[in-house]
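Protein chains: 2
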Amino acid sequence: MPQFAPLQNDTFLRALLRQPTDYTPVWLMRQAGRYLPEYRATRAKAGSFMGLAKNPDFATEVTLQPIDRYPLDASILFSDILTVPDAMGLGLYFEDGEGPKFERTVRTEAEVAALRVPDMASLQYVFDAVTSIRTALNGRVPLIGFSGSPWTLACYMVEGGGSREFHTIKKMLYSRPDLMHRILDINAEAVAQYLNAQIDAGAQAVMIFDSWGGALADGAYQAFSLDYMRKVVAKLQREKDGVRIPSIMFTKGGGLWLDEMADVGADALGLDWTVNLGRARAQVGDRVALQGNLDPAILFAGPDQIRAEVEKALASYGTPSAGHGHVFNLGHGISQFTPPESVTAMVDAVHDFSRRQRGA
Amino acid sequence: MPQFAPLQNDTFLRALLRQPTDYTPVWLMRQAGRYLPEYRATRAKAGSFMGLAKNPDFATEVTLQPIDRYPLDASILFSDILTVPDAMGLGLYFEDGEGPKFERTVRTEAEVAALRVPDMASLQYVFDAVTSIRTALNGRVPLIGFSGSPWTLACYMVEGGGSREFHTIKKMLYSRPDLMHRILDINAEAVAQYLNAQIDAGAQAVMIFDSWGGALADGAYQAFSLDYMRKVVAKLQREKDGVRIPSIMFTKGGGLWLDEMADVGADALGLDWTVNLGRARAQVGDRVALQGNLDPAILFAGPDQIRAEVEKALASYGTPSAGHGHVFNLGHGISQFTPPESVTAMVDAVHDFSRRQRGA
Chain A
1 MPQFAPLQND TFLRALLRQP TDYTPVWLMR QAGRYLPEYR ATRAKAGSFM
51 GLAKNPDFAT EVTLQPIDRY PLDASILFSD ILTVPDAMGL GLYFEDGEGP
101 KFERTVRTEA EVAALRVPDM ASLQYVFDAV TSIRTALNGR VPLIGFSGSP
151 WTLACYMVEG GGSREFHTIK KMLYSRPDLM HRILDINAEA VAQYLNAQID
201 AGAQAVMIFD SWGGALADGA YQAFSLDYMR KVVAKLQREK DGVRIPSIMF
251 TKGGGLWLDE MADVGADALG LDWTVNLGRA RAQVGDRVAL QGNLDPAILF
301 AGPDQIRAEV EKALASYGTP SAGHGHVFNL GHGISQFTPP ESVTAMVDAV
351 HDFSRRQRGA
Chain B
1 MPQFAPLQND TFLRALLRQP TDYTPVWLMR QAGRYLPEYR ATRAKAGSFM
51 GLAKNPDFAT EVTLQPIDRY PLDASILFSD ILTVPDAMGL GLYFEDGEGP
101 KFERTVRTEA EVAALRVPDM ASLQYVFDAV TSIRTALNGR VPLIGFSGSP
151 WTLACYMVEG GGSREFHTIK KMLYSRPDLM HRILDINAEA VAQYLNAQID
201 AGAQAVMIFD SWGGALADGA YQAFSLDYMR KVVAKLQREK DGVRIPSIMF
251 TKGGGLWLDE MADVGADALG LDWTVNLGRA RAQVGDRVAL QGNLDPAILF
301 AGPDQIRAEV EKALASYGTP SAGHGHVFNL GHGISQFTPP ESVTAMVDAV
351 HDFSRRQRGA
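Sequences listed follow chains A and B, in order. Residues in the first sequence are numbered from 1 upward in steps of one, following full-length UniProt numbering. Residues in the second sequence are numbered from 1 upward in steps of one, following full-length UniProt numbering.
Just so you know, the hints here were simulated from the structure itself, not pulled from any lab data. Keep in mind that a hint or two might mislead.
Identical chains blur together in the list; that is why a pair holds if it fits in one copy or across any two.
Said to hold, decoys possible - Derived DMTMM-like pairs (lysine to aspartate or glutamate); straight-line CA-CA distance at most 20 Å:
| # | residue 1 | residue 2 |
| --- | --- | --- |
| 1 | Lys235 | Asp119 |
| 2 | Lys231 | Asp263 |
| 3 | Lys171 | Asp304 |
| 4 | Lys171 | Glu341 |
| 5 | Lys252 | Glu165 |
| 6 | Lys171 | Glu311 |
| 7 | Lys45 | Asp80 |
| 8 | Lys54 | Glu109 |
| 9 | Lys240 | Asp200 |
| 10 | Lys231 | Asp259 |
| 11 | Lys54 | Glu103 |
No experiment lies behind these values; they were computed from the predicted model shown.
Next comes chain A alone, as it looks inside the complex (with noise of 0.2 Å):
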């Protein structure tokens, strides 16, 4: 275990962690993304995506930018969700202009029972980048770790890439849930183990994205997502060298299951745009803190536009008080279109205004 800096700016973890915060802190998902000309240029030298986030130092160069232009209170590993499928053998790869999707798929009974937990060892490239990552920071803000969530790695295994109505995976739940299940199984335990040897590389906070729960019917997320997440937050170290490691989930279009994500064991949910943040606060109460979650399609708009829909999710959030706490957040990842100066917007409102908020 390397020695690292001193942490600078423990805002983003006292936050999660429900603690006092001077502001309300804030990152973007995918804030190290083709919205940045700098991105570009070292996506340029690496020549893929997968070329990127499999060589440290690219990745730890990509991280960094966003970090270098903007006051953000957090970074965060810059990789892909699907890493352990792809070690698990699947064959991952990337269309130009399209989403991920994987060579082989797992939908027979034959399959299911070949898929296996993957070596640790083959997603060595993932911590050599957490490491190499977390010592170019050099203390200046926590470092994220992050994985799929079990259900949204297993659509993409079933199904070989995304889908709008996932009828591959679905018609699996309904027909052969035992199948659903197994796959499952072996999916938390894998994101568990690749979650704890992130933390063991230098991740200070983990977040699993759930980008696909939200597809479920009521009644299935609950059984083939949120158990599994369950299962995956269970198994996490909580601490790392003395020091706490928060986690955080977030389905995607699972606004309705709160109250259940909630007493997960989870110290955040993440929230997208539908999510009303003062309501959501009441229900979650001091259970949990909260992630979000302004609609990345507002950065399209002008900064004045931008600084009023900041106060307003703030102002809906309430100042924070004892027991409860907010990270400011998209509610999705930021768009490749969005003007980079719209972040300079964003980011400054959070922090003025928030601080006003707790009168400061």
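Could you slot chain B onto chain A? The hints should help.
Below, chain B alone, put in the same frame as chain A:
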């Protein structure tokens, strides 16, 4: 106004009006559709989707096909949600395998200023189809008329077609709310006139499909979708020849806003499969009836699983009591890949189990 045969099965209308019924009525969104071989045969004769929709004989033929095949409790006009902007001169067209598109968009100040409520005479083919279908039904089941919601029409009018992120219209919404409101005002007036003309032509209930309201942020949904559906509902004729004409409002992905929807004035709310029926019933109380909400993907499973899921949904809603009403449906349109025999299993299960629930 033609004379129509007396209605023989009013179970659907009674449930919408929260009156007692012997069993839970059922119909399917997009029940006249590509999953039926007889539909595909008529579609081939017509040459195109709009060729079907614009010919009252063909529209009547396909509307009655599912009624002839299954013991459904309601029929729905065969048409498209986008006939109104087509009548505004935007040029609706369909490309094979893709969603609807418009030849012209409404984005600039000048384009918005030029927008008008269309002359309802240009939609006469729809009203002719309504009268023709109602006549052909001969009182077997009620006929539902419908339209897209003002916001959903605007999505297609501004984006020019379907969209995943709705960047263009959301940019307009946040940057030029004045333009957005003007489009929505015109759409609301047009939709109200359109639905009232369908009622005049013979529609016995009307449904507003808000397919894309769920893409909006909390706050924006209320201001840009819900408020305009409220305007439509307020202008609807509530009775025709002394008979109540119930209205149904359905925002896909709108489960978080049920409480506000229940006060708009519609008689019933459509629900997608993410909503827990029992909780939704408790939330809306005796303000509105509910319609939904099986995941269409369940129809890819076998008949035993379909029956089990139907029973779960009906049990979740519970036995209808005074002031409550439930219409069974899917949570979205039926998939074109659905085996037709799955619908038999579903409809029979709804009728059987709901009779047993009532102790019949």
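Okay, the hints, checked on the actual structure:
1. Taking CA atoms no more than 20 Å apart as the test, Lys235 paired with Asp119 passes inside one copy only; the shortest distance there is 17 Å, against 64 Å between copies.
2. In this homomeric assembly, Lys231 and Asp263 come within 20 Å of each other (Cα to Cα) only inside a single copy, at 12 Å, whereas the closest approach across copies is 40 Å.
3. With identical chains, the CA atoms of Lys171 and Asp304 are at most 20 Å apart between copies only, with a shortest distance of 13 Å across copies and 47 Å within one.
4. Taking the shortest Cα distances, Lys171 and Glu341 sit within 20 Å of each other only across copies (16 Å), while inside one copy they are farther apart (45 Å).
5. In this homomeric assembly, Lys252 and Glu165 come within 20 Å of each other (Cα to Cα) both inside a single copy, at 15 Å, and across copies, at 14 Å.
6. For the homomeric pair Lys171 and Glu311, the shortest alpha-carbon distance between copies (18 Å) is at most 20 Å, but the shortest distance inside one copy (44 Å) is not.
7. Proximity of Lys45 to Asp80 under the C-alpha cut-off of 20 Å is restricted to the intra-copy arrangement: shortest distance 18 Å within a copy versus 48 Å between copies.
8. In this homomeric assembly, Lys54 and Glu109 never come within 20 Å of each other (Cα to Cα): the closest approach is 32 Å inside a single copy and 48 Å across copies.
9. With identical chains, the CA atoms of Lys240 and Asp200 are at most 20 Å apart within one copy only, with a shortest distance of 7 Å there and 71 Å across copies.
10. Proximity of Lys231 and Asp259 under a CA criterion of 20 Å is satisfied intra-copy only: 18 Å inside one chain copy versus 33 Å between copies.
11. For the homomeric pair Lys54 and Glu103, the shortest alpha-carbon distance inside one copy (18 Å) is at most 20 Å, but the shortest distance between copies (44 Å) is not.
This entry does not satisfy hint 8, going by the numbered hints stated previously; all others are met.
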